[in-house]
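Quick note, the sequences are listed as chains X and C, same order. According to full-length UniProt numbering, the first sequence is numbered sequentially starting from 1. According to full-length UniProt numbering, the second sequence is numbered sequentially starting from 1.
No lab work stands behind these hints: they were computed from the structure. Take the hints with a grain of salt, since some may be wrong.
[Unchecked claim] So the derived list for chain X, only partly shown, Cβ under 8 Å to chain C, looks like this: (1) Glu-10; (2) Asp-11; (3) His-14; (4) Tyr-16; (5) Trp-46; (6) Arg-54; (7) Arg-68; (8) Leu-69; (9) Ile-71; (10) Ile-74; (11) Arg-196; (12) Asp-230; (13) Glu-257.
Note that the Cβ used here is the ideal one computed from N, Cα and C, for glycine as well.
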Amino acid sequence: MTTRESPIGEDDLHAYVDGRILPDRVEAVEAYLKANPEAASQGAAWRTQRETLRDQLAAKASEPIPARLRISNIRASRRHRQFQQFRLVAASALLLVAGGTIGWIARGDVPTLNPAQPVMVSDAISAYRTFVVDATHPVEVKASEQDHLVQWLSNRLGKPIKAPDLTRFGFRLMGGRLLPASADDVAAQLMYDDDRGTRLTLYLRNGEKGETDYRFLREGNVSAFYWIDDGLGFALSAAASRERLLPIVEAVYRQIEQPK
Amino acid sequence: MDETAILLEQHIPALRRYAYALVRQHDAADDLVQDCLERAVRRWHLRHRDGDLKAWLLTILRNQFINIYRQKRRRGMHFALEDIVEPAASDSAPDSSTAIRDILAGLDTLPEDQKSVILLVGVEDLSYDEAARVLGLPVGTVMSRLSRGREKLREYLETGRTAVLRRVK
Numbered sequence: 001m002t003t004r005e006s007p008i009g010e011d012d013l014h015a016y017v018d019g020r021i022l023p024d025r026v027e028a029v030e031a032y033l034k035a036n037p038e039a040a041s042q043g044a045a046w047r048t049q050r051e052t053l054r055d056q057l058a059a060k061a062s063e064p065i066p067a068r069l070r071i072s073n074i075r076a077s078r079r080h081r082q083f084q085q086f087r088l089v090a091a092s093a094l095l096l097v098a099g100g101t102i103g104w105i106a107r108g109d110v111p112t113l114n115p116a117q118p119v120m121v122s123d124a125i126s127a128y129r130t131f132v133v134d135a136t137h138p139v140e141v142k143a144s145e146q147d148h149l150v151q152w153l154s155n156r157l158g159k160p161i162k163a164p165d166l167t168r169f170g171f172r173l174m175g176g177r178l179l180p181a182s183a184d185d186v187a188a189q190l191m192y193d194d195d196r197g198t199r200l201t202l203y204l205r206n207g208e209k210g211e212t213d214y215r216f217l218r219e220g221n222v223s224a225f226y227w228i229d230d231g232l233g234f235a236l237s238a239a240a241s242r243e244r245l246l247p248i249v250e251a252v253y254r255q256i257e258q259p260k
Numbered sequence: 001m002d003e004t005a006i007l008l009e010q011h012i013p014a015l016r017r018y019a020y021a022l023v024r025q026h027d028a029a030d031d032l033v034q035d036c037l038e039r040a041v042r043r044w045h046l047r048h049r050d051g052d053l054k055a056w057l058l059t060i061l062r063n064q065f066i067n068i069y070r071q072k073r074r075r076g077m078h079f080a081l082e083d084i085v086e087p088a089a090s091d092s093a094p095d096s097s098t099a100i101r102d103i104l105a106g107l108d109t110l111p112e113d114q115k116s117v118i119l120l121v122g123v124e125d126l127s128y129d130e131a132a133r134v135l136g137l138p139v140g141t142v143m144s145r146l147s148r149g150r151e152k153l154r155e156y157l158e159t160g161r162t163a164v165l166r167r168v169k
């Protein structure tokens with residue numbers, strides 16, 4: 001069936017209204033509209049709508065941009081916040097290491113402090129070490145009940161979560177479990193594995209403050225990337241290289257960003 | 001000004017327009033744009049280099065909008081789209097001719113996904129595929145939301161009533 005022969009659809013009418021119709025369909029659509037006054041008036045109404053909407057919103061797009069939206073100002077306020085966070089961490093670090101490092105810092109050779117490495121990431125790595133070696137019960141709820149798993153963990157965390165699809169990296173979801181965290185908080189662990197038996201966990205924990213870029217940490221043979229987003233802390237851990245984990249963490253990050 | 005800033009700033013007018021059409025309050029719209037830009041700066045390394053920057057930014061903005069909406073609902077606030085939009089123009093008696101009503105007020109009566117697809121395709125000039133990516137939906141679904149939205153809007157503009165209200169009557 002060639003495009004020319006296929007019957008006119010609503011998608012053709014929208015494409016016609018939006019100026020996205022393919023040249024070889026124009027004739028067919030116009031003939032159709034001529035023969036179908038109902039569809040013609042529908043199309044005309046859609047077109048008027050489109051134009052009116054554009055007109056009414058045009059003024060908004062031509063307003064001068066407020067200063068606070070300039071990228072330089074957005075960056076400056078971000079740096080300001082980061083600096084405050086850094087100062088807090090640096091201050092507590094100084095108290096801890098008092099003596100020795102002082103002279104070092106005085107030389108201007110300030111070591112880069114890892115700002116606010118959350119407890120979360122050590123807990124995530126411990127959970128990783130505990131459960132990846134478990135041959136009989138690595139997960140509490142299996143991936144075969146994925147909907148139930150995701151719903152249950154979302155309810156317990158008090159935030160909608162999802163199990164990212166990592167099949168294009170060769171990792172399949174095995175399942176997940178609920179874990180205790182500090183005070184009133186809970187954590188969830190999703191476990192994946194590949195054909196070679198490499199296991200990877202995504203640890204999620206509620207009650208985290210702020211928002212951070214992802215950071216990398218290596219503890220023994222375990223690599224972990226961790227970040228905080230919208231009140232949830234995330235840590236992706238595996239006994240794999242940073243390079244292997246990096247594209248996976250980016251995929252997780254992207255999938256989580258989609259609200260659906 | 002560096003290249004990133006130039007690339008991003010080009011899209012600020014469109015972001016403000018889309019945000020304003022969603023929330024219908026000038027300050028709240030700019031808050032949304034600011035959040036979106038902060039996120040974009042932070043995640044600059046995550047954008048698809050070959051992808052369309054405008055579509056990427058609109059995706060971030062819409063996700064932020066939906067997250068705020070969800071959070072407010074979770075906190076138990078009575079929250080509907082209508083609560084954050086300015087009161088619609090008073091409903092004058094239905095004009096039998098193609099009444100000139102405030103089309104933005106009509107848009108506010110639509111569910112968010114239908115509203116967004118109309119804006120992204122009709123105002124922001126995204127292709128159907130790009131709009132589908134922004135909304136995280138298959139393109140077929142996007143087309144049917146576009147049809148439903150445009151028809152409801154047509155009904156609103158012609159009669160001043162939403163299809164839902166008519167069905168209830």
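Using the nearest Cβ pair, does Trp-46 (chain X) come within less than 8 Å of chain C? Given a least distance of 5 Å, the restraint on Trp-46 (chain X) holds.
Quick one, is the Glu-257 (chain X) hint okay against chain C at 8 Å, beta carbons? This hint holds: Glu-257 (chain X) lies near chain C, its Cβ roughly 6 Å from the closest one there, short of 8 Å.
A closest beta-carbon separation below 8 Å is what the hint needs, so does Leu-69 (chain X) meet it against chain C? 6 Å, holds
Going by Cβ atoms only, is Arg-54 (chain X) closer than 8 Å to chain C? Holds - the Cβ of Arg-54 (chain X) comes within 8 Å of chain C, reaching about 6 Å at its closest.
Double-check Ile-74 (chain X) for me: the hint is only fine if its C-beta lies closer than 8 Å to a C-beta in chain C. 5 Å, holds
Ile-71 (chain X) was flagged as interface toward chain C. Is the shortest Cβ-Cβ separation under 8 Å? 4 Å, holds
Does Tyr-16 (chain X) pass the interface check with chain C, least Cβ-Cβ distance below 8 Å? This hint is violated: Tyr-16 (chain X) lies away from chain C, its Cβ roughly 13 Å from the closest one there, beyond 8 Å.
Taking 8 Å as the limit, does the beta-carbon of Arg-68 (chain X) come near enough to a beta-carbon in chain C? Hint on Arg-68 (chain X): holds, closest Cβ of chain C at ~6 Å, below 8 Å.
Taking the closest Cβ pair, is Asp-230 (chain X) under 8 Å from chain C? 6 Å, holds
Less than 8 Å between beta-carbons is the criterion; does Arg-196 (chain X) satisfy it with respect to chain C? 28 Å, violated
Grab the minimum C-beta distance from His-14 (chain X) to chain C and call the hint holds if it beats 8 Å, violated otherwise. Holds, because the Cβ-Cβ distance from His-14 (chain X) to chain C comes to roughly 6 Å (cut-off 8 Å).
Once the shortest beta carbon distance from Glu-10 (chain X) to chain C is found, is it less than 8 Å? Holds: closest Cβ of chain C sits about 5 Å from Glu-10 (chain X), inside 8 Å.
The structure does not agree with the numbered hints 4, 11 stated previously, though it agrees with the rest.
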